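Asks: Once you have looked at the hints, place chains X and W on chain D.
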Amino acid sequence: MTTDTGAELQRDHAGRLRHLLTLEGLSRDELTHLLDLAQFYVRVPGEVPARDQGLWGRTVANLFFEPSTRTRVSFELAAKRLGADVVNLDMQSSSRVKGETVLDTIYTLQAMLVDVFVMRDAEPGLPAYVAAHVAPHVSVVNAGEAHVSHPTQGLLDVLTIRQRKGDLGNLSVAIVGDLSHSRVARSTGRALLTLGVGDLRLVSPPSLMLEPHALAGASRHHSLAEGIKGADVVMTLRIQHERMSAEDKLDAAAFYREWGLSAENLKHARPDAIVMHPGPMNRGVEITSDVADGPHSVIRQQVTNGVAVRMAVLSTIVRNVQERNVEAGRRAV
Amino acid sequence: MTTDTGAELQRDHAGRLRHLLTLEGLSRDELTHLLDLAQFYVRVPGEVPARDQGLWGRTVANLFFEPSTRTRVSFELAAKRLGADVVNLDMQSSSRVKGETVLDTIYTLQAMLVDVFVMRDAEPGLPAYVAAHVAPHVSVVNAGEAHVSHPTQGLLDVLTIRQRKGDLGNLSVAIVGDLSHSRVARSTGRALLTLGVGDLRLVSPPSLMLEPHALAGASRHHSLAEGIKGADVVMTLRIQHERMSAEDKLDAAAFYREWGLSAENLKHARPDAIVMHPGPMNRGVEITSDVADGPHSVIRQQVTNGVAVRMAVLSTIVRNVQERNVEAGRRAV
Amino acid sequence: MTTDTGAELQRDHAGRLRHLLTLEGLSRDELTHLLDLAQFYVRVPGEVPARDQGLWGRTVANLFFEPSTRTRVSFELAAKRLGADVVNLDMQSSSRVKGETVLDTIYTLQAMLVDVFVMRDAEPGLPAYVAAHVAPHVSVVNAGEAHVSHPTQGLLDVLTIRQRKGDLGNLSVAIVGDLSHSRVARSTGRALLTLGVGDLRLVSPPSLMLEPHALAGASRHHSLAEGIKGADVVMTLRIQHERMSAEDKLDAAAFYREWGLSAENLKHARPDAIVMHPGPMNRGVEITSDVADGPHSVIRQQVTNGVAVRMAVLSTIVRNVQERNVEAGRRAV
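Protein chains in written order, with this note's numbering: chain D, 145 to 477; chain X, 145 to 477; chain W, 145 to 477.
Same shape as in the complex, but just chain D (with noise of 0.2 Å):
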């Protein structure tokens, strides 16, 4: 399993974070200290953006095998607002158009000396395996992978939900729709649990329920009234049409009678509840505009947060790989 083994995998000798792969394994204090450190490079727009040199002679590689431009531009203001040197390879069409494998790209690119990778990919196990093959000082952040894991946007969840509401221990959070497709209820629900969360719930119809054993802990739900009945905390996912398989593919119009997040069902939850989505929205599907764009929302600031814990992230890792070059030419004399 990609998880289990990028959990591993993404720490040095020493347990060092030197990848993001996975938010599995990582423990209460360093997901605190990540989530810390974003919120010192949190700026609200109309504010500068925080800035620091944490980057400055570094190099990122942002190589997306799955179209996205919100994602990939969140990473490269990160990247610059630290001082890197940013490229961006678009794997779609430029990367195998002379057939090399993805391994060479990666050892191409290390040996102009990129530092990190950004990766973002359709299938699951890329940015574990590129992990597992870089040098010991080259680092890897997955960026989105398959309906795997997603770490970034989990961090970003819980720092908005950590801004609005405070404590996790005393909060009721609902996961609602199609989950069964979602990195992101895989990442979020895994960051809310592991920093305590009071009550986490997984609501979906059963087709698009997660795997029996995932996230345990949390309760499950099929209906949308009982599964948000006083939330806190309402979070709507993005219906995957994309990852859908032929006959999985869902009837829109219906699923957003049953499972569309609207004004008049977000009643069932707390009156000051907040509404998230991980974007991009299907308006009329999983969540209507009124509901989106309304006073529950904090849409537009889980976007913010993005740039603020992709920065944390990579200043974090960069930091870790720095302290492991200096021990190993320390061991080195």
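Don't take every hint at face value.
For chains that are exact copies, the list does not tell them apart, and a pair is met inside one copy or across any two.
[To be verified] Cross-link-like lysine to any residue pairs, in silico, SDA-like; alpha carbons within 20 Å at most:
#1 Lys224 to Val192
#2 Lys411 to Asp434
#3 Lys224 to Gln183
#4 Lys373 to Ser316
#5 Lys224 to Gly201
#6 Lys224 to Ala266
#7 Lys309 to Gly438
#8 Lys373 to Ser406
#9 Lys224 to Gln197
#10 Lys224 to Ala194
#11 Lys373 to Pro415
#12 Lys411 to Ala472
#13 Lys224 to Gly198
#14 Lys393 to Glu355
#15 Lys393 to Val477
#16 Lys411 to Asp437
#17 Lys224 to Phe184
#18 Lys373 to Asp343
These are computed hints drawn from the structure, not numbers from a lab.
Treat the numbers as computed from the prediction; the structure is a model and nothing was measured.
Replies: Chains X and W in isolation, oriented as in the chain D frame:
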């Protein structure tokens, strides 16, 4: 009408320019100030480009829904030479893969602390629509909007004329060719009229003339020889095949015979006339190569001025927004 | 012939290198100087990349008419690590949408104060053609021209050999495989001959051999075993399927049986022979994975040297142009 809406929309409550959507409504003093600042940034090929840090820490996003290598690079270099971070989004390929609305894309980028959106679109209305929705500290620059408006092109054209010919009050300027599909004719014509050009002539076959009341004050001509007779400036326009409907499609050879600007028919203009073209040129259709590359041509100078004008526009709107922010902060204390 | 034209074209009136179009005509001293400077810029993976500000304020435009992620990124990183602004133009998709000529695109970018054009094309002649037309302060670097020339690859290859094997005068170097379609064979072979390599061997089936008088001084061999016998360096070439006409198409399996470099037939070379490949590799066609990834391989070192060589080339031509500009200024006083 987009341009009228734009004229109001592009100012903040204190009347400062915070977007550049259109040249409609800009005063003679405002245009002159932008041109003077642009002149300050002009460097000719062989000189070191002008640089300053007026956009340091700012983020500029190029959103091109219509392909344009030259204009995208011109804005990208203008922003980089002012110290900005620049992200390029090819909205043709990458944007709507997941069905997100344009406004969701804009709000997402705004949440990542993008300060300026540079937008080009083949349809009218998008720049004003976006300008009406972004936060008060965010700016939109129209980099070409259907047949409607191309304000930075208008500015670079009048800057070029001013450099070569001085006071506009004594000049005859002829705009020639496919006026009906041309955003350049509309923006450059507007700038010339506001700045008090002596004599503005619109020269085209009847089927390609501007709508009846456009650019009031200009004379209209349906013969090339008569239209450019004694002109100081002859500005030819690109035949916009891509904006013509099927039944409007021109016979390029027939157009060339009657309307192509050649060394021969350029003799109708003044002996020291300058020839302009917004590019990219259809050589052998609206202009011959001996004119395009000949002694009257100032076409490359227009391109050089384009970068300077975009630097002036970006630094002006960012400074205006900064002023507004400071005032808002003062009121809040 | 492109290369002959290029050899003269690439120098200014005082004989300084202002473009790099070809390695034809470069003296032993000139090559050695470029290699020494490149060596100064070499950093191995794990070290902080070399940086200086030799291109600060300069603009480098990457114009790739043929796809190449690795070479484009190598030039992009070289330019950025020297402090340049870099713009990427994908000329396959974005350039000719509006039917502009290549020279109009070049003149447009030159007018925006681009200093260096890095160009790749599948057809011969474009770099020299552009070099013949740009202004005296503008440079062209050939980043791969059809089957004709790839000068920075030639430089990085001889740099790699020099690092591993020292004095070229005592070495046997075998270039193996599809020579006829290879710009690498031509450029690397030329550099080796100019630098006085002891013994240069061209090894290929008759149908893929170089034209009769190319690389005079090299011996020719039509058997792999005989051609690499006792060689210090075995350089395999990529099978250029994409440059073969339909009737030339190779049977990859048949080629592999007779010409694929495997651990078995590598035994014909010296026990301490190094194996090189310009990449991207067709594993299992011209080279096996056990050789490509084995102890003789220096393929990743070639890639690392590529960035250093491109930094040396860019900083040399920009400094030469600067010298010329200063002299021209002095004469003008």
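Asks: Any hints this thing doesn't respect? Which numbers, in order?
Replies: 6, 12 and 15
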